[in-house]
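J.: Residue numbers (our numbering), protein chains in the order written: chain A, 7 to 391; chain B, 636 to 710.
I should point out that these hints are in silico values taken from the structure, not numbers from a laboratory.
Take the hints with a grain of salt, since some may be wrong.
Non-contacting residues of chain A with respect to chain B, defined by C-beta distances greater than 12 Å in every case (computed) [as the list claims (entries may be wrong)]:
(1) Arg109
(2) Gly133
(3) Arg142
(4) His217
(5) Pro219
(6) Glu238
(7) Asp273
Okay, the calculated beta carbon distance ranges per label pair [to be verified]:
(8) B/Asp675 <-> A/Ile308: 26 to 32 Å
(9) A/Arg141 <-> B/Arg667: 32 to 38 Å
(10) B/Asp675 <-> A/Ser32: 55 to 61 Å
(11) A/Tyr112 <-> B/Asp641: 20 to 26 Å
(12) A/Pro168 <-> B/Thr643: 57 to 63 Å
(13) B/Ala650 <-> A/Ile96: 57 to 63 Å
(14) A/Arg141 <-> B/Asp641: 53 to 59 Å
(15) B/Ala647 <-> A/Ala252: 39 to 45 Å
(16) B/Arg652 <-> A/His217: 49 to 55 Å
(17) A/Gly385 <-> B/Ala650: 52 to 58 Å
(18) A/Ala303 <-> B/Arg652: 45 to 51 Å
(19) B/Asp641 <-> A/Ala169: 54 to 60 Å
(20) A/Tyr112 <-> B/Asp653: 45 to 51 Å
Heads up, the beta-carbon is just placed ideally off N, CA and C, and yes, glycines get one too.
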Amino acid sequence: MSVTDFSAILQPVARAKGLPNRHYVSDETFAEERERVLFASWSGLTVAAEIPEPGDAIPVDFVGLPLVAVRGRDGQVRVFQNTCRHRGMILVSKPGKVGNVIRCPYHSWSYALSGELKATPHVGGPGHNTHEEIRRDELGLIEIRSHVWRDVVFVNVSGDAPAFEDDANVAMTRWAEFDQPIYHGGADSTFSFDVKTNWKLAVENFCESYHLPWVHPGLNAYSKLEDHYHIEAPGAFSGQGTRVYAPQITDDGRRFPDFKGLDKKWDKAAEYIAVFPNVLLGVHRDHAFAIVLEPVAKDRTIEHVHLYYSRPEVTAEPMADMRRTNAAMWHEVFEEDISVVEGMQAGRAGLYFDGGKFSPAMDGPTHLFHAWIAEHMAGRPLAAE
Amino acid sequence: MPPSSDDTALVAAHAARDVDTLVLIYQGAAERAEACGDIDRACFFFTQAYVWALEAGHAAAPALHAWLVARGREQ
């Protein structure tokens, strides 16, 4: 793509064009985005709730890069390349307990949960577990830079992005009131969708409210389009907010407890932001959610949805019915979005689609994301360079 | 040649990922080899016992490690 084409995207929203088709239908551009956007930024990999206890590990194929997230004996989450330093064998092939060390299933080279190489059995011959050429301190697991925020495990594969706290400072500041413990609702509070769409279309749909009255007609009952506002933080995130959030109240008057110390505006407000590139977050007075978009291919994305609450007691059995009701509500909302993100993907097979004409009034958050992608694609060198 | 009872038990313990039994069998084989003066064979079996114990956080792991270190086979 030429610089001129990116310039069209970087125009003010009233005159800008959207990203052209190739950003959605080209294997080559998908591969470029992997390096320039997904690896060069702080991208969502998984959530820490997937590895709640020391010794838990989850392998994640991150856009073709085999990674494994591990919770160490010290409680810290670390991410490693899921590849043995000996013969390149995949170390962890399924989620679960790895034990005291990560043992390669091939020749049993064993790594501490913090990455150090601890054992190299028979490496110097049968019964000889050392060799002068095998320097364990040089052969630990390759650690990938990671940071956990709002339970999302973010990774910076290239290793050269600004510190997470600097990169996400604006979002962290905006939601500073919600910077308090959150508790994953458990098995009944997570679900996923395997969607035939490019990952960016899921971001674009999430961060705008324009589609709500058409795609989510049920929201018209209490959360009309005019009750929503844009959230735009150039270079960081975009999204939407509502002024009329109504918490779930059961027939017998039960409610989820609120997060502590929130400003009065959160009595009815809720916000939804896409933390670029691939993490979608929502906060409400009584619950939150995180969606990690797994970009599988140019036209396939898995959306991993996780719901969180303000107190540990919400995760217990007495509130299971309320959690299930809440999860079912969000499942319905996110499922309603599938037809449009898949439809936009299919529409990009249209040879004469020119990236699209934005609504100057309604598409600001989407345009902001396009501009962020364009800047990364045009202005940042490849991670491998 | 038919498998020995140790072999059969070893295969079963591997299949069940029964670390207690694995450590017991390998350690037993190591001690028998050591008693016969076959130190390399003993170290092989002690290594097998050690790696399974290390992975599982088995109580025998530190002693097995120390035994191998003392014989210059582990660091």
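J.: Take the hints in turn and mark each one as holding or not.
T.: Each hint, compared with the structure:
no., hint, result
1, Arg109, "violated, 5 Å"
2, Gly133, "violated, 3 Å"
3, Arg142, "violated, 7 Å"
4, His217, "holds, 51 Å"
5, Pro219, "holds, 56 Å"
6, Glu238, "holds, 50 Å"
7, Asp273, "holds, 49 Å"
8, B/Asp675 <-> A/Ile308: 26 to 32 Å, "violated, 50 Å"
9, A/Arg141 <-> B/Arg667: 32 to 38 Å, "holds, 34 Å"
10, B/Asp675 <-> A/Ser32: 55 to 61 Å, "holds, 58 Å"
11, A/Tyr112 <-> B/Asp641: 20 to 26 Å, "holds, 24 Å"
12, A/Pro168 <-> B/Thr643: 57 to 63 Å, "holds, 59 Å"
13, B/Ala650 <-> A/Ile96: 57 to 63 Å, "violated, 22 Å"
14, A/Arg141 <-> B/Asp641: 53 to 59 Å, "violated, 36 Å"
15, B/Ala647 <-> A/Ala252: 39 to 45 Å, "violated, 59 Å"
16, B/Arg652 <-> A/His217: 49 to 55 Å, "holds, 51 Å"
17, A/Gly385 <-> B/Ala650: 52 to 58 Å, "holds, 56 Å"
18, A/Ala303 <-> B/Arg652: 45 to 51 Å, "violated, 35 Å"
19, B/Asp641 <-> A/Ala169: 54 to 60 Å, "holds, 56 Å"
20, A/Tyr112 <-> B/Asp653: 45 to 51 Å, "violated, 21 Å"
Hint compliance for this structure: hints 1, 2, 3, 8, 13, 14, 15, 18, 20 are not met, and every other hint is.
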